[in-house]
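**Student:** The primary structure of each chain is shown beneath.
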Amino acid sequence: MRYLPLSDGDRASMLASIGAPSIDALFADVPEAARLAGAIEDLPLHASELSVERQLKAMASKNLVAGESPFFIGCGAYRHHIPASVDHIIQRGEFLTSYTPYQPEIAQGTLQVLFEFQSQVARLYGCDVANASMYDGSTACWEAIGMARRITKRSKAILSAGLHPHYVSLCNTMAKFTGDTLVTSLPSLTDGAPGNDMAALLSAIDSQTSCVVVQNPNILGHVADLSELADACHAKGALLVAVVTEPVALGAIKSPGEMGADIVVGEGQSIGVGLNFGGPYVGLFACSEKYVRQMPGRLCGETVDAAGQRGYVLTLSTREQHIRREKATSNICTNAGLCALAFTIHMSLLGEAGLRKLASINHARAVLAAERLAAVPGVELVNGAFFNEFTLRLSQEARPVIRTLAKQGILGGVALGRLYPGVDALANGLVVAVTETTSEDDVEQLAGALEEALA
Amino acid sequence: MTINPSGWRPEHALAANDGPADGGTFTGNRALMLEEKLIFEIGDTESCGVDFDDVPEVASRLGGLERAAPMGIPGLSEPETVRHYTRLSRQNYAIDLGLFPLGSCTMKHNPRLNERMARLPGFADVHPLQPAETVQGAYELIHVLGEWLIKLTGMNSVAMSPKAGAHGELCGLLAIRSALEARGDARKVVLVPESAHGTNPATAAFCGYSVETIPATKAGRVDRAALEARLGPDVAAVMITNPNTCGLFEREMVEICEAVHAVGALVYCDGANFNAIVGRVRPGDLGIDAMHINLHKTFSTPHGGGGPGAGPVVFSEALSPFAPLPFVEKTGETYSLVEEETADEDHSKSFGRMAAFHGQMGMFTRAASYMMSHGADGLRQVAEDAVLNANYVLRQLEDVLDAPFGDSGPCMHEALFSDDGLANGLSTMDIAKGLIDEGFHPMTMYFPLVVHGAMLIEPTETESKASLDQFIGALRSVASRASAGDLTLKSAPFYAPRRRLDETGAARKPILTWRDPA
Chain A
66 MRYLPLSDGD RASMLASIGA PSIDALFADV PEAARLAGAI EDLPLHASEL SVERQLKAMA
126 SKNLVAGESP FFIGCGAYRH HIPASVDHII QRGEFLTSYT PYQPEIAQGT LQVLFEFQSQ
186 VARLYGCDVA NASMYDGSTA CWEAIGMARR ITKRSKAILS AGLHPHYVSL CNTMAKFTGD
246 TLVTSLPSLT DGAPGNDMAA LLSAIDSQTS CVVVQNPNIL GHVADLSELA DACHAKGALL
306 VAVVTEPVAL GAIKSPGEMG ADIVVGEGQS IGVGLNFGGP YVGLFACSEK YVRQMPGRLC
366 GETVDAAGQR GYVLTLSTRE QHIRREKATS NICTNAGLCA LAFTIHMSLL GEAGLRKLAS
426 INHARAVLAA ERLAAVPGVE LVNGAFFNEF TLRLSQEARP VIRTLAKQGI LGGVALGRLY
486 PGVDALANGL VVAVTETTSE DDVEQLAGAL EEALA
Chain B
1368 MTINPSGWRP EHALAANDGP ADGGTFTGNR ALMLEEKLIF EIGDTESCGV DFDDVPEVAS
1428 RLGGLERAAP MGIPGLSEPE TVRHYTRLSR QNYAIDLGLF PLGSCTMKHN PRLNERMARL
1488 PGFADVHPLQ PAETVQGAYE LIHVLGEWLI KLTGMNSVAM SPKAGAHGEL CGLLAIRSAL
1548 EARGDARKVV LVPESAHGTN PATAAFCGYS VETIPATKAG RVDRAALEAR LGPDVAAVMI
1608 TNPNTCGLFE REMVEICEAV HAVGALVYCD GANFNAIVGR VRPGDLGIDA MHINLHKTFS
1668 TPHGGGGPGA GPVVFSEALS PFAPLPFVEK TGETYSLVEE ETADEDHSKS FGRMAAFHGQ
1728 MGMFTRAASY MMSHGADGLR QVAEDAVLNA NYVLRQLEDV LDAPFGDSGP CMHEALFSDD
1788 GLANGLSTMD IAKGLIDEGF HPMTMYFPLV VHGAMLIEPT ETESKASLDQ FIGALRSVAS
1848 RASAGDLTLK SAPFYAPRRR LDETGAARKP ILTWRDPA
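Heads up: the protein sequence lines correspond to chains A and B, in order.
Sequence positions in the first sequence follow the working numbering and run 66 to 520.
Sequence positions in the second sequence follow the working numbering and run 1368 to 1885.
Watch out, some of these pointers could steer you wrong.
DSS-like, lysine-lysine: derived pairs with alpha carbons at most 27 Å apart [as the list claims (entries may be wrong)]:
hint : chain 1 : residue 1 : chain 2 : residue 2
1    : A       : Lys122    : B       : Lys1555
2    : A       : Lys241    : B       : Lys1518
3    : A       : Lys221    : A       : Lys241
Away from chain A, derived, C-beta distances all over 12 Å, residues of chain B [to be verified]:
hint : residue
4    : Lys1585
5    : Gly1599
6    : Ser1715
7    : Gly1726
Hints listed in this document are in silico derivations from the structure and should not be mistaken for laboratory results.
Ideal Cβ positions, reconstructed from N, Cα and C, are used throughout, including at glycine.
Using the sequences and the hints, build the whole thing.
**Tutor:** Below, the structure is given as structure tokens:
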């Protein structure tokens, strides 16, 4: 077998040197009834590289690939162009096949990257500090709610109607077990500001509120000013947690930190990572410096070595599970290191100028697409303000329309019926994402297909 | 024509002091060991390594929220970016460079076929919210991998969405708590052996349990008598790692599971060490109720400097109805995704969603590629070679390092040593740093907590005998120096990109992000 270097001769001589009569003798502690006599039946035997490639390619070929179709799906994961050099560098064995940097003298590569990553994320979000990554945006969102509970010693979190429904679903799951109270509501297709519930949030904050969680741009693409909400939270001793599922947006719109958010979390997948059918992604997590000791996850910090040279280490680990065990701020251990590397490289290729340019292209293409699609009979644009994603109200239920489009090879967006099953008021809603990868021809194809489907 | 016109030949070995008089260089570099500043020191906010296509000007629809203030995120051209990160990469140790014996971490070779397969556009460039008809092959891959995991573990079902081992633990405990609450049983305590990974107690606390510790016996296994004495109607679950973190198989696992079940509690098995038994033992045959599988350990998906991982959880029949959403279901030849809306009566007991989408697809592809390559026969050989390599290391070193459980029978996939016998003033840390100078990544240090100054060595099955012999030789040399009181080890490493780093200072005044010089 190509991955196993030992020869039968090696095995025999090693057994002899150990003083074991056979391999079976090394498994003597396994209860007899649980010892398997041979290879597990009903599973295939070993296969060549060529054979494995053929089998997996056959599965892969059954899928409709985003890059080979007019593609408009977003809602928490976005298709962007990733420069070739990103994927090249993350495949270097020194990065790919290293571990969490527990031995900093021989992990300065990973550690310096994490320091750069933390610095980039903090600046992108407009916060003081950021951690070395979480699993994804959704799990980071729950961790932020837990962190707000620890800081405020209150356990009622108010979730905006515009928060991604899968994030809400995850928070509901966790709150069942932790005893947190979550106040949730459904978004509406309010003209001009879909999913915006600012007035309701402002009036809901009270002296029991640990935090308000608001997504910007929200699940329906609406972009809002969070400043007033931040002030209202602070007036009641609550924190503002902002969620960003599309980091490219922050190349164009004010960061949540600038608008007063205390904790900013989100999905980093748009920068460097790719769609990957849902994972692995990279969770971003940033906050004000004063809360850093309540943060979950790994943190990389600057220090010096014995010779006085600058270097980096994992730090403040007394927050973490391997030291604090049941008193840790989180149970997270493995995070999303390699995806954080991809994010960092892509962000370094872009720089501020490139990020702003990328964001402006996304916005321009989205504005043009929104205008074109709104001209289709039976289609209305719901949003006033948006970045690269907006909601359309169709003259009929959107889910069957999306299926019809998919049969023509067009991935036309996310029908709100998929995200909010059984909610009649949202059934005609269609969320459309447009990025720099979306061509004018793609938009024309979608417009034409929509016109046909709605006729 | 000659490439060496001076005709110079090495006639004598250079003396140690033949280098530059001040011991340094103008650049701070030492040949291939290259210093590299931060992106914030070499880049600027105007530079960019990406070219864009032009788009027409449009009137902004950002609602007056344009980001006006500078962000301060530096960029570089493509060649500079590639060089920057390539230079940084060379300051890392990696499996590709040598043996990486971190106990409990299973740092095995990462086959590059897996990387190629994960990048097939049909897997990598598909969106999690695409209509089911357009992603049948992706669902199929998840289903096929799940079937492998179920058969290899002898369990009833599998949840694929957990994103790492600790997330899998969370998944398992949430299912356990849901099952108990479904029968109106609000138990509050989770028992964890003292040798457990830190994630176990952290996870139990994270989902609302109080945690109590069960001691280990002198032989390094769970103290069954102490465990049984503590079992009672308030105990929800016991979390057990098997093989355990002392590198030993829990001989009494079947009896322990029976005792736990007898009081109405459930058994969670931490599957971090599954590599030792894959293909030789099915944990389901031992009586457990839930176990996570670190695809980034046993099934060779790369660790990537700290993730991403994937932690699917297998369940017994008793826990299967409580598994999280969403999951892939096969009906005839068609695959579908069971989500909140489609969870019919069969799945109405599910504890809910624990991540936005349906799991770490990129890791699934890699793990599937690895499993299909090895097959059932190869995976069995994996466990055998992993255990053989660890026992070889254990027996080749126990005369120079204290093996506290050396008499407890063969070890499984990792060999555990203590700091007993090191000279005064020398510690496990010094041995680890000495190993760095020998060109190896150190073993896991100071874990498990049941052994003083623990050194936990997991060589894995992808090391050749020659590689093991070189590592053993190096560790024997360092251990002998430590026993003999060689205090130069206190200053090691000497040859790494950095000397020992001041971790205390880093924590006292944390500098976590770049600050522009005033």
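**Student:** Look at each hint and say if it fits the structure.
**Tutor:** Tested hints:
1. A/Lys122 to B/Lys1555: violated (48 Å)
2. A/Lys241 to B/Lys1518: This hinted pair is violated, its Cα atoms lying about 32 Å apart.
3. A/Lys221 to A/Lys241: Within the cut-off at roughly 13 Å; holds.
4. Lys1585: holds (16 Å)
5. Gly1599: holds (20 Å)
6. Ser1715: Given that every Cβ of chain A is farther than 12 Å from that of B/Ser1715, nearest at about 14 Å, it holds.
7. Gly1726: violated (6 Å)
Checked against the numbered hints given earlier, the structure breaks hints 1, 2 and 7 and satisfies all the rest.
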